[in-house]
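K.L.:
The residues making up each chain are set out below.
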Amino acid sequence: MKQKKKYPIYGVMAEFDSATAIMVAAQKAHDAGYRVMEAYTPFPIEEVTEAIGFHRKDNKVALACLIGGLLGGTGGYTLASCAAGVWFPLNIAGRPFIPWPMFIPVTFESTILIAGLSAGIGMLVMNGLPSPYHPVFNVPGFSLATNDRFFLCIEARDPKYDESVVTEFLNSLNPREVTRVEG
Amino acid sequence: MSAFQETELRQAPPVTKGYIDPSFVPMIAPGHTFNTITEKISNIVLENGTPNWWFGALLVGASFVVVLVFALTVLVFKGIGIWGNNQPTAWAWAITNFVWWIGIGHAGTLISAILFLLKQEWRNSINRFSEAMTIFAVMCAGMFPIFHTGRPWLAYWLFPLPNTMGVWPQFKSPLVWDVFAVSTYFTLSLVYWYLGMVPDFGTLRDRARKPILQKIYGFVALGWRGSSRHWSRYETAYLLLAGLCTPLVLSVHSVVSMDFAVGIVPGWHSTIFPPYFVAGAVYSGFALVLTLVIPARRLFGLKDFITQRHIDNMGKVMLAMGLVVGYSYCFEAFFALAYAGDKYEHFMMMNRMFGPYATFYWILILCNVITPQFLWWRKIRNNTIILFILTIVINIGMWLERFEIIAVSLTRDYLPSSWGYFKPTIFDMMTFAGTLGFFFSMMLLFMRGMPMIPMYELKMILPASRPIGHPEQGSFEEEVMSA
Numbered sequence: 001m002k003q004k005k006k007y008p009i010y011g012v013m014a015e016f017d018s019a020t021a022i023m024v025a026a027q028k029a030h031d032a033g034y035r036v037m038e039a040y041t042p043f044p045i046e047e048v049t050e051a052i053g054f055h056r057k058d059n060k061v062a063l064a065c066l067i068g069g070l071l072g073g074t075g076g077y078t079l080a081s082c083a084a085g086v087w088f089p090l091n092i093a094g095r096p097f098i099p100w101p102m103f104i105p106v107t108f109e110s111t112i113l114i115a116g117l118s119a120g121i122g123m124l125v126m127n128g129l130p131s132p133y134h135p136v137f138n139v140p141g142f143s144l145a146t147n148d149r150f151f152l153c154i155e156a157r158d159p160k161y162d163e164s165v166v167t168e169f170l171n172s173l174n175p176r177e178v179t180r181v182e183g
Numbered sequence: 001m002s003a004f005q006e007t008e009l010r011q012a013p014p015v016t017k018g019y020i021d022p023s024f025v026p027m028i029a030p031g032h033t034f035n036t037i038t039e040k041i042s043n044i045v046l047e048n049g050t051p052n053w054w055f056g057a058l059l060v061g062a063s064f065v066v067v068l069v070f071a072l073t074v075l076v077f078k079g080i081g082i083w084g085n086n087q088p089t090a091w092a093w094a095i096t097n098f099v100w101w102i103g104i105g106h107a108g109t110l111i112s113a114i115l116f117l118l119k120q121e122w123r124n125s126i127n128r129f130s131e132a133m134t135i136f137a138v139m140c141a142g143m144f145p146i147f148h149t150g151r152p153w154l155a156y157w158l159f160p161l162p163n164t165m166g167v168w169p170q171f172k173s174p175l176v177w178d179v180f181a182v183s184t185y186f187t188l189s190l191v192y193w194y195l196g197m198v199p200d201f202g203t204l205r206d207r208a209r210k211p212i213l214q215k216i217y218g219f220v221a222l223g224w225r226g227s228s229r230h231w232s233r234y235e236t237a238y239l240l241l242a243g244l245c246t247p248l249v250l251s252v253h254s255v256v257s258m259d260f261a262v263g264i265v266p267g268w269h270s271t272i273f274p275p276y277f278v279a280g281a282v283y284s285g286f287a288l289v290l291t292l293v294i295p296a297r298r299l300f301g302l303k304d305f306i307t308q309r310h311i312d313n314m315g316k317v318m319l320a321m322g323l324v325v326g327y328s329y330c331f332e333a334f335f336a337l338a339y340a341g342d343k344y345e346h347f348m349m350m351n352r353m354f355g356p357y358a359t360f361y362w363i364l365i366l367c368n369v370i371t372p373q374f375l376w377w378r379k380i381r382n383n384t385i386i387l388f389i390l391t392i393v394i395n396i397g398m399w400l401e402r403f404e405i406i407a408v409s410l411t412r413d414y415l416p417s418s419w420g421y422f423k424p425t426i427f428d429m430m431t432f433a434g435t436l437g438f439f440f441s442m443m444l445l446f447m448r449g450m451p452m453i454p455m456y457e458l459k460m461i462l463p464a465s466r467p468i469g470h471p472e473q474g475s476f477e478e479e480v481m482s483a
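Protein chains in written order, with my numbering: chain L, 1 to 183; chain U, 1 to 483.
Calculated from the structure, these hints are not laboratory results.
Misleading hints may appear alongside valid ones.
Said to hold, decoys possible - Straight-line Cα separation of at most 20 Å, EDC-like style, residue types lysine to aspartate or glutamate; simulated pairs:
(1) 119(U) - 148(L)
(2) 57(L) - 39(U)
(3) 60(L) - 121(U)
(4) 303(U) - 332(U)
(5) 40(U) - 50(L)
(6) 210(U) - 39(U)
(7) 60(L) - 50(L)
(8) 40(U) - 312(U)
(9) 119(U) - 312(U)
(10) 316(U) - 39(U)
(11) 57(L) - 47(L)
(12) 379(U) - 148(L)
(13) 60(L) - 31(L)
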């Protein structure tokens with residue numbers, strides 16, 4: 001979703017009133033063959049995410065979390081074993097240097113820690129956040145996207161993009177307003 | 001449509017015996033829209049100004065913080081000898097407070113993570129609040145072990161870091177597990193809390209009128225714009241964090257309890273400690289959530305979002321946890337007196353009930369076992385004033401429970417020659433009072449500067465947040481028209 005210099009116009013955006021309206025609009029836009037588009041909503045609406053063509057398999061956060069968890073668990077166990085068995089072995093009444101049951105808590109905690117951080121930070125990185133500037137913020141009234149309005153933006157990078165056609169198409173969806181988004 | 005009808009029905013609660021059945025009270029008062037939710041919650045931060053009571057309360061809280069700073073400064077200069085703990089009670093006041101504060105934090109994670117996984121939508125209005133409580137409670141808890149080291153600037157030695165001395169932490173010790181558990185708990189709670197607030201910071205950024213506030217909230221909102229793809233990944237991350245925090249929260253107090261259970265002191269060396277500690281933690285945490293929520297909803301006018309139903313549900317959870325705690329007390333006594341056949345355990349329990357700290361034991365039974373029985377009555381669960389008093393009583397009881405476990409066992413262990421008596425010093429008390437002040441000051445600052453109820457999650461409870469029909473089913477356009 002990187003904004004490139006060669007598109008001076010980012011896209012065309014339509015504003016809707018309700019969750020149902022945005023879902024219908026997104027579905028129709030997808031049916032009309034538009035692919036590079038984005039909906040902006042004040043809360044998650046699964047149906048809209050599906051409608052714009054972003055499916056569960058495109059969501060890689062869980063994978064990041066799994067990898068993080070595996071690394072964290074391995075790392076935690078290795079750390080405990082190396083510290084207690086190699087770097088600073090203490091012979092306490094001849095007990096084993098690497099007693100695995102004693103390392104379960106540390107392994108568990110480090111698994112959770114790294115998995116959680118991977119999920120959280122991974123989500124931000126995949127979303128391209130933090131990104132203080134984004135062209136859609138130029139749209140007047142877009143501040144309502146975090147309150148009670150729903151926006152659908154068909155982007156200029158879409159292969160089928162033709163500004164006048166897209167504007168006309170979005171106007172046919174019964175929006176409150178259709179705005180051109182400056183790049 | 002069914003959700004919508006259900007909400008409609010719930011607006012007409014049956015009145016029986018002069019009070020309203022809370023399970024018929026909606027989770028959001030009728031008549032709210034997305035916009036009124038946004039307005040009501042963000043105006044507390046942005047528009048309504050600072051109420052006078054807030055300054056008064058902060059003044060009280062902050063003066064206790066001054067006490068805390070004083071007590072800790074003296075501690076750093078003079079050493080931990082100013083505290084009352086000494087052989088045989090090497091662990092005393094500080095660890096009691098540590099365990100109590102960590103326990104307080106647990107309700108926050110329980111409400112935000114476990115109730116989220118169980119799809120309990122009523123947690124949506126109180127989860128932010130209780131997560132904040134978790135963060136600040138863990139901060140308070142952390143102060144005790146860190147300052148108990150005597151040289152807090154070397155507290156990082158607790159972590160496994162390569163050093164020129166070639167020394168490493170003892171990974172077979174529960175005290176090291178504790179470092180891992182508590183620091184993981186704090187870190188993940190912070191991440192969970194902050195990520196939960198990002199969309200709401202976006203709302204505040206968009207509604208703030210002063211440029212400085214726009215910049216501050218814009219900075220912390222990370223450029224959130226509500227994109228559907230972002231929401232999708234966001235929800236996954238949130239769900240995963242909830243799933244990870246659930247076992248985490250259970251592990252944290254279990255590990256804390258192993259600090260005791262792995263030791264051989266009578267009264268500590270017990271297998272029931274992990275579940276017993278976790279139940280106690282949730283119990284005291286829920287009590288503190290209620291202690292804070294009951295005044296906050298009145299003072300900030302949030303009764304529309306934190307309704308009688310929330311209060312009632314929390315009362316029920318508290319009752320359930322109180323029963324688990326009571327059951328644990330019975331079993332502890334049964335094991336020690338009747339089942340184990342160990343004379344030291346037997347002596348410990350008799351000493352707990354009739355020894356030098358017996359008064360505390362009976363107060364604790366009164367606070368933790370007798371008091372929650374009042375919660376069986378719906379009338380009491382619905383009377384916020386009585387409930388408020390009950391929550392404070394319960395937290396006093398939970399504090400005494402931790403104190404009993406520590407002081408009674410350590411002052412009367414195997415050898416009568418090493419017996420002693422623990423009394424807190426004025427510095428012990430100042431430190432504890434100071435952390436209470438710190439906690440309440442932080443909560444006040446949080447309520448003033450951050451959205452204390454998650455706006456986007458609350459909006460998701462409204463029926464209008466779910467699109468009606470589906471394009472593929474054909475009849476969606478009629479449904480749209482009729483709605």
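K.L.:
Hints first: check each against the structure and report whether it holds.
P.N.:
Tested hints:
no., hint, result
1, 119(U) - 148(L), "24 Å, violated"
2, 57(L) - 39(U), "36 Å, violated"
3, 60(L) - 121(U), "26 Å, violated"
4, 303(U) - 332(U), "41 Å, violated"
5, 40(U) - 50(L), "31 Å, violated"
6, 210(U) - 39(U), "16 Å, holds"
7, 60(L) - 50(L), "15 Å, holds"
8, 40(U) - 312(U), "23 Å, violated"
9, 119(U) - 312(U), "18 Å, holds"
10, 316(U) - 39(U), "31 Å, violated"
11, 57(L) - 47(L), "15 Å, holds"
12, 379(U) - 148(L), "38 Å, violated"
13, 60(L) - 31(L), "25 Å, violated"
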